[in-house]
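Now for the letters of each chain:
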Amino acid sequence: MPIHEKSLIRQEDLKVQEQRVVDGVDVSGHWSTFIAPRVVTDYNEALEEEIAALPGGEHIHRCWQCGSCTNSCTVNALNPDFNPRYWIYLIRTGMEAELLRDKDIIWQCISCNKCTYACPRDVFPEGVMKATAHWMELKGHTPKSKSTLFDEEFTEQVVATGKIEEGRIIRNFFARTGQPLFQDWLVEMAKRVARRLPFKQALMMAWAALFKPRTRRWAKASQAISEYVQEQDKHHRKALGLERRT
Amino acid sequence: MKKNYQTVAYYPGCALEGTGHAYNASTRAVGKALGLALDEVRDWNCCGAMEVKNIDPKVQTYLSSRVMAIAANEMKAKVVMAPCNGCYHNLKKAEHDLAHDVVSRETVERISKKAGHETYRAGSLETIHALDWIKHGVGEEELKRRLKGSLKGLRVANYYGCMYTRPRHIFPEKDQGGQSESTSQPHFMDDLLAAAGAVNVDFPLKTACCGGAHTLSDSDTSTRLVLNLLRAAEAAGAEVIATECPTCHSGLELHQVRAEKVLGEKTTVKMLYFTQLLGVALGVSPRRLSIHENVSDGIALLKEKSIA
Numbered sequence: 000m001p002i003h004e005k006s007l008i009r010q011e012d013l014k015v016q017e018q019r020v021v022d023g024v025d026v027s028g029h030w031s032t033f034i035a036p037r038v039v040t041d042y043n044e045a046l047e048e049e050i051a052a053l054p055g056g057e058h059i060h061r062c063w064q065c066g067s068c069t070n071s072c073t074v075n076a077l078n079p080d081f082n083p084r085y086w087i088y089l090i091r092t093g094m095e096a097e098l099l100r101d102k103d104i105i106w107q108c109i110s111c112n113k114c115t116y117a118c119p120r121d122v123f124p125e126g127v128m129k130a131t132a133h134w135m136e137l138k139g140h141t142p143k144s145k146s147t148l149f150d151e152e153f154t155e156q157v158v159a160t161g162k163i164e165e166g167r168i169i170r171n172f173f174a175r176t177g178q179p180l181f182q183d184w185l186v187e188m189a190k191r192v193a194r195r196l197p198f199k200q201a202l203m204m205a206w207a208a209l210f211k212p213r214t215r216r217w218a219k220a221s222q223a224i225s226e227y228v229q230e231q232d233k234h235h236r237k238a239l240g241l242e243r244r245t
Numbered sequence: 000m001k002k003n004y005q006t007v008a009y010y011p012g013c014a015l016e017g018t019g020h021a022y023n024a025s026t027r028a029v030g031k032a033l034g035l036a037l038d039e040v041r042d043w044n045c046c047g048a049m050e051v052k053n054i055d056p057k058v059q060t061y062l063s064s065r066v067m068a069i070a071a072n073e074m075k076a077k078v079v080m081a082p083c084n085g086c087y088h089n090l091k092k093a094e095h096d097l098a099h100d101v102v103s104r105e106t107v108e109r110i111s112k113k114a115g116h117e118t119y120r121a122g123s124l125e126t127i128h129a130l131d132w133i134k135h136g137v138g139e140e141e142l143k144r145r146l147k148g149s150l151k152g153l154r155v156a157n158y159y160g161c162m163y164t165r166p167r168h169i170f171p172e173k174d175q176g177g178q179s180e181s182t183s184q185p186h187f188m189d190d191l192l193a194a195a196g197a198v199n200v201d202f203p204l205k206t207a208c209c210g211g212a213h214t215l216s217d218s219d220t221s222t223r224l225v226l227n228l229l230r231a232a233e234a235a236g237a238e239v240i241a242t243e244c245p246t247c248h249s250g251l252e253l254h255q256v257r258a259e260k261v262l263g264e265k266t267t268v269k270m271l272y273f274t275q276l277l278g279v280a281l282g283v284s285p286r287r288l289s290i291h292e293n294v295s296d297g298i299a300l301l302k303e304k305s306i307a
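In order, the protein sequence lines correspond to chains A and B.
Using numbering that gives the first Met the number 0, you'd call the opening residue of the first sequence number 0 and step up by one each time.
Using numbering that gives the first Met the number 0, you'd call the opening residue of the second sequence number 0 and step up by one each time.
The shape of chain A in the complex, shown without the other chains (with noise of 0.2 Å):
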């Protein structure tokens, strides 16, 4: 196998000619690879401004393609498609439909943040990677991700009463996800769990999953920041010149 790198040079692009005799000469097989020609004409010129004026990714224009990001990411080490750096080109140069290929894993930045302090110009990559994401899905591109279910069950909770309830965050999101919650090592847990459970701080669960733990004095709090998140939506699907959904 050649060396070259995987998402440059893809598989079904290489072709190989079974038989070729060139001047009397065969050069049949392996001697005749052919990478087959691959024109970009559609660029989306407008990709990096979009992605810039999600929350996170203000500072992608910063980036000079060094790959300290990539070379410190987390989820790189375990799925080495999982390249920041490369995505970031992507988006500055405009190549939608390559980027659009990666679109099922970029939601898995896993927030460690050891990109961001990588980085010697400050891009932020780990802001980077949750506006792509967030992209994808405010394009349509893809349904939103676990994660993206995760988060807004999480933050509904904390706007609505200021607090979370963990209990109530799990259910709510193993419902949004349409998963059973009794899974195996889910049931596991619970089992360890409750096996050594005192029994005052059971009761103590079992009255937070009744009376919701409130934060007290939020409700004006709570006013202001929904309208926050929804001023701020506007602004952003304006500018991926979306139409606001209504």
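Keep in mind that the hints were calculated from the coordinates and are not lab data.
Nothing false has been slipped in among the hints.
FRET-style restraints, in silico, Cβ to Cβ:
no., chain 1, residue 1, chain 2, residue 2, range
1, B, 291, A, 173, 25 to 35 Å
2, A, 102, B, 122, 40 to 50 Å
3, A, 194, B, 2, 36 to 46 Å
As a list, the in silico DSSO-like pairs of lysine-lysine whose alpha-carbon atoms are at most 30 Å apart:
no., chain 1, residue 1, chain 2, residue 2
4, B, 113, A, 219
5, A, 190, B, 260
6, B, 265, A, 190
7, A, 162, B, 75
8, A, 190, B, 302
9, B, 112, A, 233
10, B, 205, A, 145
11, B, 265, A, 145
12, B, 112, A, 237
13, B, 113, A, 211
From the three backbone atoms N, C-alpha and C, an ideal C-beta is built for every residue, glycine too.
Since the structure of chain A is already known, use the hints to place chain B on it.
Coordinates of chain B only, in the frame set by chain A:
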């Protein structure tokens, strides 16, 4: 570099009222044993954790700023202590953004005004972690004087996670040499536990990620990351992983179970909050430190080594 943390505003946060209950109990117990008073922030709200910033980072800044506004403006506190890495990180980030970013400042001012409270002004409060609280408020020397027992050479891997050190720019007091904390090789927990008689093993993944942000939305990734941490700790010879964050702690426990159930990978290293370990050495009863609430049961190990 001893600091006056005799009485600090205390921001436990949501996790410490739920899955991190043991961390809350042990932090309070250790504070009591060391003569440090905690004054809980009145009517506090969630800091935004790792989720709200993905909806909008400025909302997260506001949420954290409200907590600081109450501590600074209403309670006239000078210092707020958060034992949870997420809370600590978010308060630090809000402090940084409010000091350096005009848009954040204006947004927070606008929301605070509508919410009907005074805006938090950057610079009016010092945010510290429970580690700073004991390291600088008490120090190793005094800690040693107050010990009633010892961790007796218990082999510990100190795990700090992501949010205690990254990104560097929100922690201007770190990496300043001398007694300051390091963002690449944090050592406050190592120092305190060594003073209490533990042996810190050479653990290379102190600041690696446990996958806490996606613990339920991308469980397979989290399990692989946690399994890596557990294996590395065991390979380094650790009997216990000491934690200082409720998300890391419950993540390690949850995915230790999940790795066993889903991947058939069993690990035996135990997780204990550093406050539980310090508490034991300070003579606090394991029950008051809520060690029995941990899913990975450290009590048998501590008994076997006649530490507790």
